Amino acid sequence: MATLTTHPDCVPLISYRFGKGATNIDKYIQLQGYESARKALTMTPDAIIAEMKASNLRGRGGAGFPTGLKWSFVPKQSAKPKYVLVNGDESEPGTCKDRLIFEHDPHAVIEGVIIAALSVQARMGFIYLRGEYRYLLTIMEKAVADAYARGFLGRNIFGSGIDLDVVTQTGAGAYEVGEESALMESLEGKRGIPRIRPPFPAVVGLYGGPTIINNAETIATVPHIFRIGAAAYAKLGTERNGGTRLFCLSGHVNRPGVYELPMGYNLKKMIYEVGGGIPNGKKLKAVVPGGSSTPVLTADEIDIGMDFDQVGKAGSMLGSGGVVVLDETACMVEFALRTMKFYRHESCGWCIPCREGTDWLEKSLIRLHKGGAVDKDIDNIRYLAENMLGRTFCPLGDAAAMPTIAFVKKFRKEFEDHLDGKACPYHHAAALQPALV
Amino acid sequence: MTTLFSPALAARFDKLVGLYPVKRSALVPMLLYAQDEIGYLSDAVIAEVAQRVGISESDVRSVISYYSLLRTHPAGKYNVQVCTNISCMLRGGNEILEHCKKNLGIPNKGVTPDGLFSLEEVECIGACSWAPAAQVNYDFHENLTPDSIDKVLDSYRAQAAPGSKK
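In order, the protein sequence lines correspond to chains R and P. Each residue of the first sequence is one higher than the one before, starting from 1460 at the first, in the numbering used here. Each residue of the second sequence is one higher than the one before, starting from 4 at the first, in the numbering used here.
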């Protein structure tokens, strides 16, 4: 149902099998499927991790942590069983890429789990999808069953003497569960409350055992790295940012869609050439470059390469690859409010700075948007957000605070335009009223 | 044991609790699948799930209250979930929600008197590049306009109409 959009600049690596019927295991095998797992079976765990490090693959969930390095943190000896956990709880507003992977290439996820498991000698893997993606669970469950039937999962996989079980399941609606430690709690049948770290999941994770946890796109990329070789993969991207990624273009663009582009692809080009520019001859106002948690960029700040380092240098984050485009008619206060409404709703309530901070920020933004705020409220919004930063149990607090600070800092004039009893000058108040207030 | 669930679902649950290193891991998916079959998590459902997983009912309720898809009251046969998060908002998600309220004659979180529809404003459903979007139960409907959502709702009305095959 969800399909990839293409452009001449796209590089079909992760999407190599999309639209080719690769949910069918025979078709998958025909398209070089499970060759990477077979290759990995001939390698030592150290060699697999070395290959992953050489690929310069960085976590596609948002943090951009080098995947090979993450895997290397799992201790070789462990009294407790080790696990591989695939985070397919894709919930970051602006992000809809993992959906395509599960829908079009479920065996790539399984093959990624096999390689990850071999690298740390784990004997069990879990693929956790968000609850809303029920139709994808059906696809994943069939793929897993087919892989078992072929002897690619279960006892003695590929006749190697190694056992590996894989369980698929969905969550039941909770953004917070996309946070790695909360996901483990959820998988243990509990409320998705984050755990204190350290210890990190690589040492103490699921059921207390050392755990590799990676985003679904990260895991699905692994077999492609082994298919084309780490050096070739790394070369597709930029320095320290190997490969390609699925970018989700949404908002005010002529051709929204999920596109696979090389890491480091220019953001301006992505919006104007790949996305076909802004509809109806409107001017660009702002871009949220990597999902709702990432600080907004102004129209003047988008001539940058989309990799973790370059977007970081520009004061934002590459995040989850969700590029949300806003034209000149968008109200930044309304946008900030809708963003905060989300974080307030999704805050698990476990720690006070996040629970109270998101609530007060939403209240302040509602007041501002309705025109009842005073000058001091704008500073208060920023002050509140700045005081949440780094003071919460998990990154959800930062995810709420970071974009808010940027909205106020970069679009202060728009915030001020809402003062002195003036309702939203962009006339969105009527549309917003029933939904938000 | 006597069970509230269909033989197929009961068998699935029997398998599910043995799949994980700890039984309790089966809790969240069990609650979701139970809700899909029964319509909501009634006291009886909660009691049976608690027994199957081997934890207390209050533990089960604590988990239910955390997850937004889980409900302890019936929803409509077709639960219309309209996304108004950022990507959908920019492309008219709020207007789609308002339009659904009018079409169905119910407010956000309301249920129609005949029990056919319920309506919910929801957070991002992962359809950002095909916004605005909604889910009816688990089915995605994307690139919506007021006209197209009318047709979507009509198609569910037709499905539910007497004499319809579904």
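If you're looking for bench data, these hints aren't it; they were derived computationally from the structure. Since the model is a prediction, treat every value here as computed from it, not as a measurement. Hints may be right or wrong, so weigh each one.
What the hints assert, rightly or not - Straight-line alpha carbon distances no greater than 25 Å define the calculated BS3-like cross-link-like pairs of lysine-lysine that follow:
no.	chain 1	residue 1	chain 2	residue 2
1	R	Lys1829	P	Lys104
2	R	Lys1829	P	Lys112
3	R	Lys1649	P	Lys18
Going through the hints against the structure:
1. R/Lys1829 - P/Lys104: Holds, at roughly 23 Å.
2. R/Lys1829 - P/Lys112: 24 Å, holds
3. R/Lys1649 - P/Lys18: Cα-Cα ~20 Å, so holds.
Comparing the model with each numbered hint stated earlier shows that all of them hold.
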